[in-house]
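Residue numbers (this note's numbering), protein chains in the order written: chain A, 1 to 330; chain U, 1 to 330; chain W, 1 to 330; chain X, 1 to 330; chain C, 1 to 330; chain L, 1 to 330.
Among the hints, a few may not be true.
As the list claims (entries may be wrong) - Output of the computed footprint for chain L on chain W, the stretches with three or more beta carbons under 8 Å from beta carbons of chain L:
{"id": "1", "stretch": "91 to 103"}
{"id": "2", "stretch": "146 to 158"}
{"id": "3", "stretch": "312 to 322"}
What the hints assert, rightly or not - Cβ-to-Cβ under 7 Å is the rule here; a few derived chain C residues that face chain X:
{"id": "4", "residue": "96"}
{"id": "5", "residue": "99"}
{"id": "6", "residue": "100"}
{"id": "7", "residue": "101"}
{"id": "8", "residue": "104"}
{"id": "9", "residue": "150"}
{"id": "10", "residue": "319"}
Since the hints were made in silico from the structure, they are not lab data.
Using N, Cα and C, we set each Cβ at its ideal position, and we do this for glycine too.
Chain residues, written in single-letter form:
Number of protein chains: 6
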Amino acid sequence: MPDNPIRPTIPLDAPGKRHGFLKLPHSRNDSAWGAQMIPLTVIGGAPGPTALLTGANHGDEYEGPIALQALAHELEPGALTGRLIILPFFNHPAFQAGTRVSPIDGVNLNRAFPGAPDGSVTQKIADYVARQLVPLADLVVDFHSGGKTLDFLPQACAHVLDDSAQQARCVAAARAFAAPYTLMLREIDAAGMYDSEVEGQGKTFVTTELGGGGTATARSARIARRGLRNLLIHAGHLPGEIEDPGTVMLDMPGDECYHAAPCSGLVEPLVDLGEAVHRGMALARIWPVERSGGAPETVLAQTEGILAARHFPGLTQIGDTLAVVAVPRR
Amino acid sequence: MPDNPIRPTIPLDAPGKRHGFLKLPHSRNDSAWGAQMIPLTVIGGAPGPTALLTGANHGDEYEGPIALQALAHELEPGALTGRLIILPFFNHPAFQAGTRVSPIDGVNLNRAFPGAPDGSVTQKIADYVARQLVPLADLVVDFHSGGKTLDFLPQACAHVLDDSAQQARCVAAARAFAAPYTLMLREIDAAGMYDSEVEGQGKTFVTTELGGGGTATARSARIARRGLRNLLIHAGHLPGEIEDPGTVMLDMPGDECYHAAPCSGLVEPLVDLGEAVHRGMALARIWPVERSGGAPETVLAQTEGILAARHFPGLTQIGDTLAVVAVPRR
Amino acid sequence: MPDNPIRPTIPLDAPGKRHGFLKLPHSRNDSAWGAQMIPLTVIGGAPGPTALLTGANHGDEYEGPIALQALAHELEPGALTGRLIILPFFNHPAFQAGTRVSPIDGVNLNRAFPGAPDGSVTQKIADYVARQLVPLADLVVDFHSGGKTLDFLPQACAHVLDDSAQQARCVAAARAFAAPYTLMLREIDAAGMYDSEVEGQGKTFVTTELGGGGTATARSARIARRGLRNLLIHAGHLPGEIEDPGTVMLDMPGDECYHAAPCSGLVEPLVDLGEAVHRGMALARIWPVERSGGAPETVLAQTEGILAARHFPGLTQIGDTLAVVAVPRR
Amino acid sequence: MPDNPIRPTIPLDAPGKRHGFLKLPHSRNDSAWGAQMIPLTVIGGAPGPTALLTGANHGDEYEGPIALQALAHELEPGALTGRLIILPFFNHPAFQAGTRVSPIDGVNLNRAFPGAPDGSVTQKIADYVARQLVPLADLVVDFHSGGKTLDFLPQACAHVLDDSAQQARCVAAARAFAAPYTLMLREIDAAGMYDSEVEGQGKTFVTTELGGGGTATARSARIARRGLRNLLIHAGHLPGEIEDPGTVMLDMPGDECYHAAPCSGLVEPLVDLGEAVHRGMALARIWPVERSGGAPETVLAQTEGILAARHFPGLTQIGDTLAVVAVPRR
Amino acid sequence: MPDNPIRPTIPLDAPGKRHGFLKLPHSRNDSAWGAQMIPLTVIGGAPGPTALLTGANHGDEYEGPIALQALAHELEPGALTGRLIILPFFNHPAFQAGTRVSPIDGVNLNRAFPGAPDGSVTQKIADYVARQLVPLADLVVDFHSGGKTLDFLPQACAHVLDDSAQQARCVAAARAFAAPYTLMLREIDAAGMYDSEVEGQGKTFVTTELGGGGTATARSARIARRGLRNLLIHAGHLPGEIEDPGTVMLDMPGDECYHAAPCSGLVEPLVDLGEAVHRGMALARIWPVERSGGAPETVLAQTEGILAARHFPGLTQIGDTLAVVAVPRR
Amino acid sequence: MPDNPIRPTIPLDAPGKRHGFLKLPHSRNDSAWGAQMIPLTVIGGAPGPTALLTGANHGDEYEGPIALQALAHELEPGALTGRLIILPFFNHPAFQAGTRVSPIDGVNLNRAFPGAPDGSVTQKIADYVARQLVPLADLVVDFHSGGKTLDFLPQACAHVLDDSAQQARCVAAARAFAAPYTLMLREIDAAGMYDSEVEGQGKTFVTTELGGGGTATARSARIARRGLRNLLIHAGHLPGEIEDPGTVMLDMPGDECYHAAPCSGLVEPLVDLGEAVHRGMALARIWPVERSGGAPETVLAQTEGILAARHFPGLTQIGDTLAVVAVPRR
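Starting from the given sequences, assemble the full structure and let the hints guide the process.
Shown next, in the form of structure tokens:
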């Protein structure tokens, strides 16, 4: 396999706290001998396990970057057991551009795994992290939110896995995060996901959806910070007590949870996140935008539960996922 | 003064309900003999006053377009006293692009008044509405929200005016809208605003800020629909009772209400909309984005009140308005 | 082989007429959970063969989309024997953009076969159609025209094939189309073409070139509609008589038929489509565009026949195919 | 009035044939001390009148540039009476970009008159030609075609003018051009047109519409060359006989001649250029492009005559001029 | 005259050293309530005169920004007599984009004076500086270099002025700068220049051209720093001795000094900056780029002197200023 | 292996001098049947070896194109022994755009080897040259310079190779070029380089770095022309004497020669090309660009030698290679 040109500018296995970069040489029109410099913090404490913590896998999701920049700045190694490898901005080019996918190669990092050492910029990042960093970790946490085009109920997520012991570890970790909601889901199309790569290596894996719209709120940032601290306590990295205000367990049993826009237009939402949904209820109207006076199309619920995610922009295109209904566990 | 080439495709003074366009010939690379077609609905009922109703003055604000498309579709002329002139998408090119300013000429419609009949596309729209439509109206309502980069507490607004009788009319109308909040403000820099043009013609004028982020919610859309119906009842256009769940009166006394970003970076909000603010309180942190481990800059409140508006995107640029504090009236 | 995520939203094998989509999930900056929705109509009539009908393989070619949208709207299943699978806009993203190749990945659909189930958007479309739809068909018709940069004599085409029985079926079908011209050609570089994929599966295949310039005329649209109806009669799908006003058989014997621009500049055509060409005749002059007064370069015919295709835009770049001469069969 | 920085690089009043430029200094990012160099040919012959000849007023119209480049190259001063000032590429930046309006400032040259000496690039060109070149001329000819988005019956045009003697001169010149069609029209909105500027200076003015679609054909180029030669004979610049195969006189009596697209979509033309139109006849259908199976909207003729111009691209946007009907004079 | 919305965030008349901004509110798609923040440093020392110092009038010129950022950082108020108002990045949006003209409005700041308080972003900056800052100053220094498309011999410049006393002051200041070359020139087209605005207010004005190509070298940065220190000593702001290694006085007597590219192509320079030029000497060849084997066009010197400026990029467009010859004073 | 569609338009093995193209069919939106036409000159003289000469491997490097266009134009076959195959513009699309990488596919040609016959445009060029042209050659010369973002001391280069006889041939050829500097280097990451491809085929290979900044000077163009003539004499293609003014041998022993920018900002260089560097010496300062008054970051030398290459643009991004130190051989 060809060599991946990415190199960390700091050691991955030294004690103490160091801030550096994953440096990826990148020759381009505006810098013949330039590089992508992906910020990296490594904190080594007392002997113990390793956690790999990533934010901004999608570049327009902000709760993870906030919690991880704060952790990198605030945590002192003396307080730590084991090691934390922190990439606050996993897809740094996308994060700087404020976009979901990389502006350099148009690639969605979360569909690029296992990556390629001689591929495009995003594929190289995927390959390096999958082959060099994930194997070092016991716990892997990847922060997500809805980004600029989706909005979610704040939740930690675990996947249904073939290995029930691994699944139990993951569920326990997701539950320890103590987000307002905790989701169990089976990925339909897991090809290329970071989640699959990490789970395939047998790691304990937690991901989140903590809000959306391309913003963070004071509330969602606090959920991210608290959940991260809880997880690190759960995994034995930090001392102290988990702060758990309770969570609602959610399931997303099937395709009928997803409601797509039947046409393009102006969205009038009729249900907000967290509100109850019953089958046949009108979830949204889509109004025409080329002329006035026309009738809207109405999107009806195909199942019952609560509204767990929604299309964010005021305009929709045909086929966009408008509304996702999840089923609270009783 | 040169002739403005805009023509309505339907009569403005006929009884009944008609849907058409303001047609503005627009020669360009992709259509030598093309036109901008701005949707227009006119509803004439029993003899009475005229209201001019506009949404999407800024193209990325959605509560107004929803309420006005619904009104144009749902209202029957038999239920109406007087006349409604409805432009659900005032800056239609910007609305279709989902942008604040027009993609055609880069002009902010709400800073383009009184416009110019031989100016750019946006200036022609401003001129036509200011000289041909506003004079026909008794009441003018212009719906705003925060757009993709701001978020507001839902509010109707009236301006401090030199003519106290006119101001009283405007305040009464804004109060009748019955949004959760009602704001009195004095525009510092009113040059070019539609508000100033309309008020300068002596009209009763109400504007709103009903949310933001480039989305609408079920709640904000309901506030817009209810407020519009309340206003039309207040102005004698519709029968029925105003639905008023109460409002909080707000003032924005001075420049100290506005808090600008002291640097560019990643925003961690510390206060959410509607929460109490006291002087010296930390409103937000701004984290660095080029490297990890650095300290954030903290933005402190310069006054006390409640958080009434905030910067929406997760990233900020230096000089962006990050937080606006308003003072609830006791 | 990985799974192709494209799914039809309607059954492919039910009787009656149904309109739906090929739905291709497509995560991108402006819609994290969006989809490409490629319009699809399936009409099932009395038991019989299946025809797969496609337009807008290149997005700027219009006769096919017109004839197929009309067919999908107008044909009643009671009149039909067998089944029609209709994709009026094969490369829907390109069709909506008015471009030859897809604006999403820059791929020319007609050079993307056999496609890839985990490739780019265009590659997924190619894979799905090649592996899921073509095998269902007896007859495959793919409408082409010259697009924005070429103009053609209206013609149906069949290829010289190794299997003479298959070739005879194809020629008979092309002849049944009854376009003003019918072309026999041997593709020099058939790699990646839909034609090759379909013919490789042993199907009866007809393609066309019905005009060009990025427009349709009343005449060319009528040729498309008539030819389509003729073909469906020929293949036993529709009753009735073929309407055949006669055709001119054309051959394109070799490389000398193609005349490339020897320099960039302003094109003065000297021969129009369908006019006779003799060897050494001036086909076009190319005038300089940076200064006035200079001499043009003249392009001379390398063979004799009639002008069958020409470069459409008024400006040419060096290397563009300026003129194609075909030989009418005597 | 400020100075216009444009200077010709050759004398305008010397005998013989010279090729140079109108040089307009233009400081920009890619050339701090650069210039726009607009090709210019001046031919001085025996004493006599002056003709000012322009092509590519819109940059995507090609018959004029062909005829004028050919004239500049081929005509010898010994054959000439008077003087020809030739600008084959009036809006040279647009011509090089292949666009209707200038890529530098987005201005439509034919709506920029009388221009401004200290304005944008296009406004400076307009000012220079209006104030420095038009006053030198007796006859002014401005070649137009339909460009990339319109297609016209080939025609020379004269305007209805207040000064009947001037109008008679213009009509005689347009008739001498001997295009297949000759149009008399009254400009509704003549503000900013080159036509108005020239006519306002009392000049004999001829303009044309010789085809369209952003191409030239052998036929349309021959019409342009022949018409130009005819005009120069008519005006006493060249010896010889006018070649007149006859023309059809057309009028465009009113707004009902223009048919706009009632919605966006795929155009199916039902009548071609030059074909007869009767009131109520279907001129075109507009098919939906987001889904298959829907009904088209049909555009009906509002008047009778022949189809004189049509929308060229296969897709239309609402408000585009789809079809223009003119009335042949009996 | 309308109010200019620009406000300094620090006092202009306080003692000591302060760093702030000129804040210009700027509503746009990516920040509805954003601002342009133009860095500003004011240093007040012992009573004395005022100097206004600007760099990056054109955004791709770097010696001025280096010398002024260094001065703002390094100079202590205790060492200063009078006041320095420092704008290291006069056209800050252009500087951040690395472009000559502003990316916001496409305006060349050095052709935008006297500006407009209600104009575009660049026009507002021009107006504010012209009306609020220049009147405060005794000495005005505006640093220029060649930018990305020109390269200059390092020089300070003074203009030929109608007021000989003012001219003498300016020449003395330019001479005190002690650049390797000192140029006297008469602006042919001074309309809109900052130079003219400042000189028209009677100020002592020095400008420079210190290199080019969009880079700075160690040598050119040292010339800028030394020249600035020399000027401040000359004007009485700083103590110490002027460091003067000698200068060569240059004149640019007329239009024949400027040599434009006669065609587009690849530039082969034959003379370097500072080398002697005699009339008729070949200055450069321009090679064709579309094909190989053709002959170059040769540019001959129209006058004698030394090469003082040259076109920088390896490719040229017709009309670009390729070479400027200046005449050393004996 | 699939067929590469590139064909030369002239024979590669005929005597005399011929100018033509490598023609690569390229279907795209602006030309459905277009082609990339890469200029090619072949000169055949008396029997002898073959040299393959390329410029503009990166499209913004100009000394090679100048020297090779001059050679193609000026050299007569009668003076030649053997054969020269000349591609003055190896990556012609990039050369015409003035960019390092191809504007068509974004690929860096010098990282695209061995290429792919059915790949993107740049990959096809790489494949054709590697498989069809390099095998014909004894000597291969590939001209480089720094391009728009780097600047180099003028140098010919040879690589440290496993085959010491081949290395000796390469070193002798590089030395014969007689540039002011001659560099021996071991490529760390040679994957995809043309150099590696050519050396892997056992050829004598010379490359250069002759300047930079996206320009050529009279001096650098003379070095290129002289070096090329020297090489052709050295290889037995031309008669005459090598002109050798002496060279400085340089080594680049390790990673410590490369100095990357530790942050983004405005670069103040402190050392110029060719100047001596000692360990710990300040090479450059990087000043902040968002505000004034802040301290710069200083880049210190990690080794000693002379400055051999530097970042060219006035602004830098974090990770850009700012300075390269080489070690002169004693």
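Here's how the hints hold up against the structure:
Given as covered by chain L, the stretch 91 to 103 of chain W passes the check, having 3 residues with a CB less than 8 Å from a CB of that chain where 3 are the minimum. Counting residues of the stretch 146 to 158 of chain W whose CB lies closer than 8 Å to any CB of chain L gives 5, so the stated coverage by that chain holds, three being the minimum. By the rule of at least three residues with a Cβ nearer than 8 Å to a Cβ of chain L, the coverage given for the stretch 312 to 322 of chain W holds, with 6 such residues. With its C-beta approaching chain X no nearer than about 14 Å, residue 96 of chain C sits outside the 7 Å limit, and its interface hint is violated.
Residue-level restraint check for residue 99 of chain C holds (minimum Cβ-Cβ distance to chain X is 5 Å; threshold 7 Å). Interface restraint check: residue 100 of chain C against chain X, minimum CB-CB distance 5 Å, threshold 7 Å, status holds. This hint holds: residue 101 of chain C has a C-beta 6 Å from the nearest C-beta of chain X, less than the 7 Å allowed. For residue 104 of chain C, the shortest C-beta to C-beta distance to chain X is roughly 13 Å, which exceeds 7 Å, and the interface hint is violated.
Taken as an interface hint, residue 150 of chain C checks out: its beta carbon lies about 5 Å from the nearest beta carbon of chain X, inside 7 Å. At a threshold of 7 Å, the smallest CB-CB gap from residue 319 of chain C to chain X is about 3 Å, leaving the interface hint in force.
Hints 4 and 8, counting from the list given before, are not met by this structure.
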